[in-house]
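Below are the chains, spelled out letter by letter.
6 protein chains.
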Amino acid sequence: MEEKAMQEILGKAEVLIEALPYIQRFNRKIIVVKYGGSAMIDEELKRQVIQDVTLLKLVGFKPIIVHGGGKEISKWVGKVGMEPVFVNGLRKTDEATMEIAEMVLGKVNKSLVQMVEQLGVNAIGISGKDGGLLKVEKKYSNGEDIGFVGEIKEVNPKILYDLLEKDFLPIVCPIGLDDNFATYNINADDAACAIARAMQAEKLAFLTDIEGVYKDPDDKTSLISELPIEEARELILGGNIGGGMLPKLNNCIDAIENGVSRVHILDGRIAHCLLLEIFTNKGIGTAILGEKESKYYHE
Amino acid sequence: MEEKAMQEILGKAEVLIEALPYIQRFNRKIIVVKYGGSAMIDEELKRQVIQDVTLLKLVGFKPIIVHGGGKEISKWVGKVGMEPVFVNGLRKTDEATMEIAEMVLGKVNKSLVQMVEQLGVNAIGISGKDGGLLKVEKKYSNGEDIGFVGEIKEVNPKILYDLLEKDFLPIVCPIGLDDNFATYNINADDAACAIARAMQAEKLAFLTDIEGVYKDPDDKTSLISELPIEEARELILGGNIGGGMLPKLNNCIDAIENGVSRVHILDGRIAHCLLLEIFTNKGIGTAILGEKESKYYHE
Amino acid sequence: MEEKAMQEILGKAEVLIEALPYIQRFNRKIIVVKYGGSAMIDEELKRQVIQDVTLLKLVGFKPIIVHGGGKEISKWVGKVGMEPVFVNGLRKTDEATMEIAEMVLGKVNKSLVQMVEQLGVNAIGISGKDGGLLKVEKKYSNGEDIGFVGEIKEVNPKILYDLLEKDFLPIVCPIGLDDNFATYNINADDAACAIARAMQAEKLAFLTDIEGVYKDPDDKTSLISELPIEEARELILGGNIGGGMLPKLNNCIDAIENGVSRVHILDGRIAHCLLLEIFTNKGIGTAILGEKESKYYHE
Amino acid sequence: MEEKAMQEILGKAEVLIEALPYIQRFNRKIIVVKYGGSAMIDEELKRQVIQDVTLLKLVGFKPIIVHGGGKEISKWVGKVGMEPVFVNGLRKTDEATMEIAEMVLGKVNKSLVQMVEQLGVNAIGISGKDGGLLKVEKKYSNGEDIGFVGEIKEVNPKILYDLLEKDFLPIVCPIGLDDNFATYNINADDAACAIARAMQAEKLAFLTDIEGVYKDPDDKTSLISELPIEEARELILGGNIGGGMLPKLNNCIDAIENGVSRVHILDGRIAHCLLLEIFTNKGIGTAILGEKESKYYHE
Amino acid sequence: MEEKAMQEILGKAEVLIEALPYIQRFNRKIIVVKYGGSAMIDEELKRQVIQDVTLLKLVGFKPIIVHGGGKEISKWVGKVGMEPVFVNGLRKTDEATMEIAEMVLGKVNKSLVQMVEQLGVNAIGISGKDGGLLKVEKKYSNGEDIGFVGEIKEVNPKILYDLLEKDFLPIVCPIGLDDNFATYNINADDAACAIARAMQAEKLAFLTDIEGVYKDPDDKTSLISELPIEEARELILGGNIGGGMLPKLNNCIDAIENGVSRVHILDGRIAHCLLLEIFTNKGIGTAILGEKESKYYHE
Amino acid sequence: MEEKAMQEILGKAEVLIEALPYIQRFNRKIIVVKYGGSAMIDEELKRQVIQDVTLLKLVGFKPIIVHGGGKEISKWVGKVGMEPVFVNGLRKTDEATMEIAEMVLGKVNKSLVQMVEQLGVNAIGISGKDGGLLKVEKKYSNGEDIGFVGEIKEVNPKILYDLLEKDFLPIVCPIGLDDNFATYNINADDAACAIARAMQAEKLAFLTDIEGVYKDPDDKTSLISELPIEEARELILGGNIGGGMLPKLNNCIDAIENGVSRVHILDGRIAHCLLLEIFTNKGIGTAILGEKESKYYHE
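For the protein sequence lines, the chains are A, B, C, D, E and F, in the order given. For the first sequence, counting from 1, position 281 maps to 307 in the numbering used here; every step adds exactly one. For the second sequence, counting from 1, position 87 maps to 113 in the numbering used here; every step adds exactly one. For the third sequence, counting from 1, position 163 maps to 189 in the numbering used here; every step adds exactly one. For the fourth sequence, counting from 1, position 130 maps to 156 in the numbering used here; every step adds exactly one. For the fifth sequence, counting from 1, position 267 maps to 293 in the numbering used here; every step adds exactly one. For the sixth sequence, counting from 1, position 272 maps to 298 in the numbering used here; every step adds exactly one.
Among these hints, one or two may not hold up.
[Said to hold, decoys possible] Going by beta-carbon spacing under 10 Å, a handful of chain F positions derived as facing chain D:
id	residue
1	Glu180
2	Val181
3	Asn182
4	Lys184
5	Lys192
6	Asp193
7	Arg223
8	Pro243
9	Asp245
10	Ile279
11	Glu283
12	Asn284
13	Gly285
14	Gly316
[What the hints assert, rightly or not] The calculated lysine-lysine pairs, modelled on BS3-like cross-linking and capped at a C-alpha distance of 27 Å, are:
id	chain 1	residue 1	chain 2	residue 2
15	F	Lys55	D	Lys192
16	C	Lys179	D	Lys192
17	C	Lys118	D	Lys105
18	E	Lys118	F	Lys105
19	F	Lys97	E	Lys105
20	F	Lys97	E	Lys192
21	C	Lys101	C	Lys164
FYI, nobody ran anything at the bench for these hints, they're computed from the structure. Nothing here was measured: the structure is a model prediction, and the numbers come from that model. Ideal Cβ positions, reconstructed from N, Cα and C, are used throughout, including at glycine.
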């Protein structure tokens, strides 16, 4: 019997030597998940995303969720009898709107905490104000003042290190303070990217409502499964990247250039897209890779 | 010169021996502050309360703030065109009201975080959902269903120990989950009391809009400065405690009976009331004391 | 070869998704084991219990042992020429008896530490005095003064969180201090229950000398494998619960009502009863379940 | 007003520069106190010793108490009708005696915990079994087997680092395990010395029933206030050190040679001897100093 | 006597309220000290700098030292018979030179550790390789390849948070790895600035061989004591900043713009310049301030 | 499906019970690896050793690397035009030689850090100066002064506990300070042995350039696979141990006698020798065992 157990452990050792490159990708690696789009509205998808992130935590990753709350904010702006105003696609955010945006994001934040706690994992919901996480400065839209819309200037990641060390799953809503400690709304993609950079995350995954990046946006069969960063830059220069995708892809490139190993653009409408991308070698969206990374991965 | 420095240190040693009983009251002791009433509305008082709590942290205490948001909630319920309903003084909380209450409390919570951060101390704002801090069960008002109003059933203080160890000032808003992970509103006094018990806090301080407890509610000169717990029980039995004060005093007695050393009912309308009560030996409100405590303190 | 390793990991991922509900039950969950009865006397059973608890720790649980020392105390009371006195089943505990009880419990405590250390796991033996863990008040037996027998008033769980974080297996003997810092003896079942509540343990397991709870105490085939809390209450009301079991079952109900997910009454005379109950889906004693829990577990 | 405060802080800065060498002696330095003799019997002295150690902790030291229990053990050996046997001054410790010794030391241990807790500081009482702290081997007395008397072979200080980091005051009773995990009694002086070495303590203080070391044991005016290690060795070679003092002085020399900065032999019969020695520059016992230390200290 | 002690504590409380803004500047604030120039060569100055930094740590700051090793590197390059080559003021660093540079910086690093340890404070010397602290990319000098000279691309501050939490004084030498894990030399000013940014340090202090910034470099009486960031920018645009100072001032501006509160350019040739700047309100060099900071500080 | 998952977990439980003795050997056990010889020169072997140690960390061990740098030091001594001098096999180390030795060891140290970081695991390179890890005293060679060659007097393991707790792989170079804080070179075998003792390591492994210990040094078929400590002592007394092996074997015996469970003498020229020895039951070098260990291991 002891002999048998020993044989098993010995076998395990062999597998381990082979598996070393894969194990390294799991072991206490930080993975930032930008959670938004349909996967945030459909109740079944929501449940699956939270299940996936929780599972990533249970198998050894250190996930951090960053979420937005777009449609909910407009809904509540309407509820109190105000009219949402957009300037070049950015929400004009006066003080009253900012107040509502913060309230709605806070509510969404705690509802995600609730779902993670229900799965038996300790979560904590914070905003960029807590522990001075996100410092911003005012953002202008082509020179126009659009109110309390902030651009991230600095990230103080200490609070996230502390919460990860104490074994929490941190859930972050994208609100920050400027130098005068006024409250600003931040684009959730930008927040996820800035946090991934500051934490030197292994991975940054965007849950979106598209399949991924296409070589030719008009040809749905041209989905790119792996996109080395230099090719991503060329695609942008070639003008082949459509409106909504452009800032997202720029964020991806920025993250890769600043120390994040891989960025994933995932189709949040596919069940368990996060687990499938991470645990299978086909992937189901587009992975943006650093120059070195692209040589040895996924083959 | 060295001689001089040594003399000073020697002198310090003597003072220390004498001061031991006082030092013990400061050293890493947990102090829960229930923050509410006028001190939460007047901007100048607000600033002072936050300054006081921050200072308590800087001199060695471990403060935790628990806050309500009463009037703000009613304001927002009105803003979306609903009518606040109260049953026996408790807000009837249907799902829509609960949603607003959570949003408002979240907003207040982060505004306090902001003020503490501005003073150079790391704060973190949580609700009873985070880390499973507050578990509740439905509360009925004389048998009537008043919706999502919860009574605290269990406190899981782990998250607070973790945050204190990492040197944050935790700010808690009184929302919790029931066994089905539904969201409930909780009375802030009850939440402060339950947290003080679970953390075995040294002190629990209520910032209120009254001077303290009176021997005779009609005689403003009869303010009681120190109230041993057995006398507090007699006062209640004697029917001398008025409406608003009764549940508060019951909370105080409950806290003392369950391991909190001292409970303070402070007049939040007085500037720096918190510092004055803790650092001076007259006190400025009513201190409820355990039986042993009353023998040697404040004399 | 890499392909093969990848396939294995992929397969692992699939198993993980399926296994999520089970994994959640293991992952850093706190399990309080009340250790007593025959399993504490028979040397072979003793070895097995300690082996089981140690294994639970090695696979990811965070176990805490709470133990009594009943028969050993009487033996030593006799050794020094005193006569054990019992009032309504409670040991009358004068100062001399209390001194001996503390000495014996301390000895038992360290002998368990020794056995765990021998298995290569770090243990630490504490009593309710250490870190102010257990605060008690005097307990009367139908109004009669029975000496230093304490009822738990408060639990300060900080010391246990600290020891678990530092990766120790804590072993607790049920002694506490009252407000005057006098030493009291505590019923070990009560101590286990109070600690499980204060730590919001996932599980509380009592090692006993019975098979479990019977529907009909006279019919040994009526052993109940799963007992929802409401049925437990009915059994008690129906008068079907015998003498020794009654306080234990009340403790179980109290634990469930206060945040412990499951309580197990195990037959400590069966080898490896602890492992069998936790890792098999039949169970070998009676599991008391909360209302929600009973719907989906063990099927 | 701000000007005034600034002046004070500036003044403080100057004092600090001068005081640097003194501050360094306090700041988180480990100080091991061997507690025994009269100071352990007289209730008033006992209270003062515990007060002193607690105060040392509150001003920044990290004290560890190691205690014996000599006379109490003999008392209890007698109580159960056995006869204490001594061989060359060492207690012959058969299995029954060892059992009693462990029980008595455990009781003394927890009574000290109790006193420290009463002063508002968190204490934890451990033996050398906990966390594998003390590993021993059998000690023979001139070749004669004297039972379970152990000589320390190894110290695993991890448990003490963990407890100090979590801000406990550790109180250690001198019991250890041999390679077969059998229980052994250890001389408390030896245990204190071994722990001070393994922790690289700043100070080791022995509370004794003598004034200190004399140049001439027959001349009470020849008390030595500072004894450089080389002079201590000469005194021993010169045969001027009496029976009880010899092993103690050897322990002191051993500690100094192995990284402890200063060892104090204090007269435990003097009130607050510990504070007086540490905070005054005269000292009240004998301080054994390393070679370098002796050049610049106490002048 | 108790009355007296209480009065003292009361007085202390008053001072504390006044002192709050100053205390906030000390309390666990991170201060990065770039150590270089004469203060690194003159043995007496060296001793004083290390004394000052150690004292800052003892009074509550969390200092980090970043050092260069310029002249020592050239000396050793010469010793092995090579010729130092400079291109536009940057050392041309081929593989052999890089090897020597790393060896020399390592030696300097450990000699500083040694001096701090000698003062009784725990230090740890690391390079940018440890814990992946500094990631670089190749730097070109006007397009010319100058070898292994790196520009910092990313900072992973986790190792510094870990070491500060464990109470070490970290001493960093400016060496980093590129994406291919090749070794690069980094300008020490740049490294100090990047670390101060990533840690969101309260202060960044450069020890230099000049008095500070002059309004008119030719007029030694025009030393600027406080320089708001916008004026610093104007000075640069006005062409009034000389050669060596220009990159340093750009570093200062960069730090302020990225979350460091104050940057000090100190004259390292003045004894205790660090303490004088921090504890006195005149200052002795030039302090670069953020826009808000400049309004209320130093008056 | 759930049924299937449960069966798997149940099966796992059975395996776990059987595997307990093996699991205990992995779980957070400290393993000190003395890295030297050919395995430090051949690039392919180097890569494999670092891979093995990294893997040991990923499966749960806590490895510490201690390395020398012998041949590199001589090379650099030569480079600067000095002549290496050896006295009885020990390098005569004047101040200039010591300076070079420290520089070379520092360079080797960081190159190992680099390789571990490249495998995705956090490493930190320290010397015995950091955190006061190694305190030495001057070593004489048959009475002759050979300069800055140190013998370890004390180990302060706190820094290693801190780094392990923060999940770093510590890499130590054998340099220490004496009481006057002067720098000394230490034999790497001695340093590894002293660290293994102070940390009470589970294992100490020497990578050497020999196959292991032979019964008869002239008979290559007489390799001893397991060598109980008493037989090791006999071999030495019998004069059968050759020159280079003698001090190594004495180190092994010293380690075993002081709390290290097993010491391995491995042939560093064999690929993955470390993994093979630990995970297979034949072993590939000589394992020195304590008396008890030898009875039940490897059969």
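Structure-based check of each hint:
no., hint, in the structure
1, Glu180, "holds, 4 Å"
2, Val181, "holds, 8 Å"
3, Asn182, "holds, 4 Å"
4, Lys184, "holds, 6 Å"
5, Lys192, "violated, 12 Å"
6, Asp193, "violated, 16 Å"
7, Arg223, "holds, 8 Å"
8, Pro243, "violated, 31 Å"
9, Asp245, "violated, 33 Å"
10, Ile279, "violated, 14 Å"
11, Glu283, "holds, 8 Å"
12, Asn284, "holds, 6 Å"
13, Gly285, "holds, 4 Å"
14, Gly316, "holds, 7 Å"
15, F/Lys55 to D/Lys192, "holds, 22 Å"
16, C/Lys179 to D/Lys192, "holds, 25 Å"
17, C/Lys118 to D/Lys105, "holds, 21 Å"
18, E/Lys118 to F/Lys105, "holds, 21 Å"
19, F/Lys97 to E/Lys105, "holds, 20 Å"
20, F/Lys97 to E/Lys192, "violated, 36 Å"
21, C/Lys101 to C/Lys164, "holds, 25 Å"
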